[in-house]
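Asker: Sequence:
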Amino acid sequence: MARPMHNWEHIWNFLKTRLGIGSRRNIFGNIFPKNHFGNIFGKKKRDWISKEREVINHFKEGFIRLYSTSQVKAKWNNSQRTRWQVRLTEEERNSLDISVFKEEIATALWSLNAFKAPGPDGLYASFFLRFRLTVGDIVKEEVKQAFFQRKIPEYLNSTSIVLIPKIQSPKSIGSYRPISLCNSVYKIITKIIVGRLRLYLDKLIASCQAAFVPRRRGVDNAIIVQKLIHSMKKIKGKGGYMVLKIDLEKAYDKLEWSFIRDTLIRFNLLKNLIELIMSCISSVSTSILFNGGALEPFMPTRRIRQGDPLSSYIFIM
Numbered sequence: 001m002a003r004p005m006h007n008w009e010h011i012w013n014f015l016k017t018r019l020g021i022g023s024r025r026n027i028f029g030n031i032f033p034k035n036h037f038g039n040i041f042g043k044k045k046r047d048w049i050s051k052e053r054e055v056i057n058h059f060k061e062g063f064i065r066l067y068s069t070s071q072v073k074a075k076w077n078n079s080q081r082t083r084w085q086v087r088l089t090e091e092e093r094n095s096l097d098i099s100v101f102k103e104e105i106a107t108a109l110w111s112l113n114a115f116k117a118p119g120p121d122g123l124y125a126s127f128f129l130r131f132r133l134t135v136g137d138i139v140k141e142e143v144k145q146a147f148f149q150r151k152i153p154e155y156l157n158s159t160s161i162v163l164i165p166k167i168q169s170p171k172s173i174g175s176y177r178p179i180s181l182c183n184s185v186y187k188i189i190t191k192i193i194v195g196r197l198r199l200y201l202d203k204l205i206a207s208c209q210a211a212f213v214p215r216r217r218g219v220d221n222a223i224i225v226q227k228l229i230h231s232m233k234k235i236k237g238k239g240g241y242m243v244l245k246i247d248l249e250k251a252y253d254k255l256e257w258s259f260i261r262d263t264l265i266r267f268n269l270l271k272n273l274i275e276l277i278m279s280c281i282s283s284v285s286t287s288i289l290f291n292g293g294a295l296e297p298f299m300p301t302r303r304i305r306q307g308d309p310l311s312s313y314i315f316i317m
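Each step along the sequence shown adds one to the number in UniProt numbering, with nothing skipped, and position 206 is 206.
Do not rely on the hints blindly, as some may be mistaken.
Capping the alpha-carbon separation at 30 Å, the derived lysine-lysine pairs in DSSO-like fashion look like this [to be verified]:
hint	residue 1	residue 2
1	K191	K236
2	K166	K116
3	K238	K140
4	K102	K171
5	K102	K144
6	K238	K227
7	K116	K140
8	K102	K116
9	K191	K250
10	K60	K140
11	K116	K250
12	K171	K254
Simulated from the structure, these hints should not be mistaken for laboratory data.
As the structure is a computational prediction, the values presented were derived from the model and not from experiment.
Please take these sequences and the hints and turn them into a complete structure.
Answerer: And the structure:
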């Protein structure tokens, strides 16, 4: 174990034989008993599906459609360039150096929830904390290589999707919330990226956006909305006013990667950092957890993952 391992199966075999850790199936792998499923709507309303294989195919095909891009390349209108006023200065841009230090890696590791559900490798963050003297050098080398090569290895960027019901007795795919379970080492990498982006979020994000931006509070926006509605009720005259409440359906799942790339470029982020961020987003292999097992993995062509530390910050940008 003196050199970086390019397959985490080796680490897992080491754990089972030397440290006595058992099954690698994570907590969500056992959350539903085998053959536990109910009827669900098919492509047409009242078109019920009840056979397990049909339900599996319906879910997989549905998520493949949801995560498939509707365009090859997002076009950027040249006339909009002059309106793009917020950009990092060259000094700020260069401060986002792609080099990574062991202190950053340690800080990112300790910031993870120790017992949060693990990704496909089955390794909790608590394992890396407890056995850091054994696997610490391996983790550091993996993270440094990702930043140096500006590429996330496939074995680190595999993701399991657990489906959380939004309502009781869900009858359609839309009634489930897909939560991505990412590997702990991958989350260390994205935590480091987030730590760097947070330094400039206050500049890059509009003042009306409060979520995830340091020194801003979401409650302020709620107070402003209440005051606006109160004022509108008191306005007299022929002029009419209205308020629009917009709910973006599947906002994370329908975000196009080409649009994300163009946005990061317009913000004048460091090219190497953009390449690493896009590798985090676009090189993922996804598998849906179903009835105690994982379905055949597939490669999305759009979306950001709910469960990835990076996603919330990419979304508000």
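Asker: Work down the list of hints and note, for each, if the structure agrees.
Answerer: Taking the hints in turn, this is what the structure says about them:
no., hint, result
1, K191 x K236, "violated, 51 Å"
2, K166 x K116, "holds, 20 Å"
3, K238 x K140, "violated, 66 Å"
4, K102 x K171, "violated, 48 Å"
5, K102 x K144, "holds, 9 Å"
6, K238 x K227, "holds, 21 Å"
7, K116 x K140, "holds, 21 Å"
8, K102 x K116, "holds, 23 Å"
9, K191 x K250, "holds, 24 Å"
10, K60 x K140, "violated, 35 Å"
11, K116 x K250, "holds, 24 Å"
12, K171 x K254, "holds, 22 Å"
The structure is inconsistent with the numbered hints 1, 3, 4, 10, although it conforms to all the rest.
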